[in-house]
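A.B. asks: Now that you have both chains on their own, put them together as the hints suggest.
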Amino acid sequence: MLDLLMDFGLILLATLRDVLPILLLIIFFQRVVLKQPIPHLKRVILGGIYVVLGLALFLMGLEKALFPVGKIMATQLSDPAFIGASESELSDWRSYYWIYIFAALIGFSTTIAEPSLIAVAIKAGEVSVGTISPWGLRITVAIGVAFALALGTFRIVTGTPLFLYILVGYIIVIIQTIFAPKKLIALAYDSGGVTTSTVTVPLVAALGLGLSNAVPGRNPAIDGFGLIAFASLFPIITVLGYAQYMELRTRFSKHKTKSDAI
Amino acid sequence: MRYRNQFQTILKKLKEAFKDLLPIIVVVVFFQSVVIRQPFPEIGEVIFGILLVIVGLMLFIEGLEMGLFPIGETMAYALAKKGSLFWLMVFSFALGFSTTIAEPALIAVAKEASIISSGAGLIENNQKTMDTYAMGLRLSVAFSVGLAIVIGVLRILKGWPLYYLIIGGYVLVMLMTIIAPDEIIGLAYDAGGVTTSTITVPLVTALGVGLASVIKGRSPLLDGFGLIAFASLLPMIFVMAYGMFWF
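The listed protein sequences correspond, in order, to chains U and S. Numbered by the numbering used here, the letters in the first sequence go through residues 928 to 1189 in order. Numbered by the numbering used here, the letters in the second sequence go through residues 410 to 656 in order.
These aren't lab readings, by the way, just hints derived from the structure by calculation. Warning: the hint list may mix true and false statements.
[Unchecked claim] Just a few of them, taken from the derived set where beta-carbon distance is under 7 Å, the chain U residues facing chain S:
(1) Val960
(2) Leu980
(3) Met987
(4) Leu989
(5) Val1054
(6) Ser1055
(7) Val1056
(8) Gly1120
[To be verified] What the simulated footprint calls covered on chain U by chain S, stretch by stretch (three residues with Cβ under 8 Å from a Cβ of chain S suffice, anywhere in the stretch; the number is not a length):
(9) 936 to 946
(10) 962 to 974
(11) 992 to 1005
(12) 1041 to 1051
(13) 1081 to 1094
(14) 1101 to 1114
(15) 1169 to 1181
Just so it is clear, the structure is predicted and the values come from calculations on it, not from any experiment. Glycine included, each C-beta is placed from N, C-alpha and C at the ideal position.
Bound-form chain S, shown alone (with noise of 0.2 Å):
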């Protein structure tokens, strides 16, 4: 009887990350079959794949309920409660820059860059001014988003009003992007979308709200959100400085 109920719950968290995946889906067979109407490229691997797709949203969903959220949540209560506001900072800037440092999309972007920028006669084009370059983008991006989470811990303690803070920002960006070079500001703009992993996401979102539910006056909705608002801008500012830097 016990397992019989445990396969009912898996069979309906199958279900619900099946629908998750069912617009895209969708949105591939009707193009594939409607519009370019070819036959689709090895069928039984693409079944196979949507399978694995959805055990592994299902997985992913249950564990972030099990690990990844209480930890963030524990790691929260247990550095409020320390009450010591170096500690705290040491962790969500060491949070921010180590999460970053190594994210592949990032790396990917930072190598990318340089051949562009070398490309475009902005910087000597030989390997080590290229690596150079590149890992000095890696480190500034890095730096910027372990300052965010700096920036945006500081904030849900002394309570001061989000939008003051991001709308700031995007007058600083603006204003940037008026002087930066041409070649930095498509990368700049995108680099802010690409810091955040997806494991990152759910733990510095749990931090946030853990943080403003043990502090007095604070509301979780209002001041634990905001976050990853911050790790997002602030690569934007940094590389258009870094870019500005360097040309």
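Same shape as in the complex, but just chain U (with noise of 0.2 Å):
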């Protein structure tokens, strides 16, 4: 018990840390060049409070609950042993389909609990005044997350260049840009941004680590990079592609309906 509370404190104060230079950024601002109160004040501080108290906690629960799990996981799956394969297997992609699909899995489930994906989608549902449904936007990175991170893990097993996968999500990005509503596009290339933090990253990095101590030729300073990058990139492709389908399926209703009234 003893030993639980010095965990919530370290952590309580590890947070803290985090939220100190905004604290001192708005006090000082407040103070000195607005000059103004804050609305609400006792209700904002009181926000405050449980954010600082509501991360600590959900911290420390995934330290508790999911990562050690999660880490063992990673490494179990990705030990010889398990993937039960001789050594010239051991070279081949296929011999590693459990990976991927743990990867996807894990990358879909960790997205939709990410606190900062969840914050963008409150805000994006409440400014289109409920034409993004917060649900559907979540989702939908989900998706985006769990395909980068299956097509990550692919990457690391068999060692090709991650610039190249950049590149060409990237081109698909700026294809996609051109043609898109433009009204969701500052929010596409947001989604790519929130999607690896608290949650997300202590695991995909396991993953990678393991995943490129396993494979034969690999080396973990190099092969383990990446996830990350790929689970920024690919959200903004699904996002864009939802707008763009969500955009084609009411020009046809309409169009339809106009045929219909002829």
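C.D. replies: Here it is, written out as structure tokens:
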């Protein structure tokens, strides 16, 4: 029990340290530059306390429950004994199918629980007055991350150069940007940056390192990187793709009602 | 009666948080019992941890709507009303820089990078050079995030289309990839993803949306988003530039 409280105290302190620069900045601007009271100050302070406390509990729970299990699973799945393959099969990318499935599922599920993405999704729902559904956005982004991690682990297994994938990804994003409805472009770009924080990064890092250790001829220092980059790129593609699909559908149904009327 | 209502609201919110977490639980249980076929290590601890995560997530979301979003918007309104471009830029830069420089993920990545670079013989293998290298990397990433928020806020003010800037940035990243040293490329790509922390994201989003809704002729949806996109793009460019500068 005492250990638990100690752990919690340490995590709370770390979270407070993260908040401190923001707090100082806001106080400085309110006092020196803006010289205006903040409306509903009590409520805002209470909200701030909730955020810090909530985040600390969230992180502690992850460290107690999910990270150990997730990390063990990532190492077990990439263990040659589990893959049950001989030396020659270890170089074959097809021996690692469980890894790709695991990467995709863990990418999807951790993205659904990612607090930064929840924040952006809530804001997008508010701003669009209901035309963007927060759940729809979160699921679209999570599908992007799932695809990204499956492809990212495939890249580590095959050892193909990272920049080729990223270049192709960028070219796809650029082409989509030209055709996608302009309204949603900014949101799509933002959803790339928010996918990888508290929940996803530690699990994904364990997976990347475990895998690059297990596959013969891979160097963890060079091949272990890149999963996060993938997870920031592919959600842009899926969100833009979803926006395009929705637009096409509306256009098609409009077209249809018009021809019905005639 | 009043307490009963409150209790029901809390229960509803807990249920929402549980729904957010359910996919992870399903995936972990499935892999543990069907694929790896091993009993859970310390099941009690795991369940306790899951409960903490659910309560934490509920509190965080509650605090988001009560504290972080309103403060971000209030700052945006007040700064826009003051009408001083200088202070708005100072605030934007300080927000990006100060939240990034102390980011634990960045500190870890910078240290890792100094070890890799010295191992590859790119920098001298002694503690002092490695520390300078890691600190320099942190400073350049933090500076780039500060600059990213400044550019993003300027874009909202001027109404520049986001996609020209982002596509321009992508083209720059591609060109730099060709000439940057191999060891830094993976790191640079990942640096974009780790810079924006869970507390910074809601604040920055509220700032952008708040600014776009007070400035005439800007749409919150079209112009308000995009700050985070800059904050993930610019660090990539700066880390690669940093790599080229050192080697």
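A.B. asks: Are the hints correct? Go through all of them and say.
C.D. replies: How the hints compare with the structure:
1. Val960: Holds, because the Cβ-Cβ distance from U/Val960 to chain S comes to roughly 5 Å (cut-off 7 Å).
2. Leu980: With a closest approach of 6 Å, the U/Leu980 hint holds.
3. Met987: holds (6 Å)
4. Leu989: holds (6 Å)
5. Val1054: Cβ of U/Val1054 sits 4 Å from chain S, so the hint holds.
6. Ser1055: holds (5 Å)
7. Val1056: violated (9 Å)
8. Gly1120: holds (4 Å)
9. 936 to 946: holds (count 4)
10. 962 to 974: holds (count 9)
11. 992 to 1005: holds (count 9)
12. 1041 to 1051: Answer holds; 8 residues pass the 8 Å Cβ test.
13. 1081 to 1094: Held - the segment 1081 to 1094 of chain U has 4 residues with a Cβ nearer than 8 Å to chain S, which meets the minimum of three.
14. 1101 to 1114: holds (count 8)
15. 1169 to 1181: violated (count 0)
Checked against the numbered hints given earlier, this structure breaks hints 7, 15; the rest are met.
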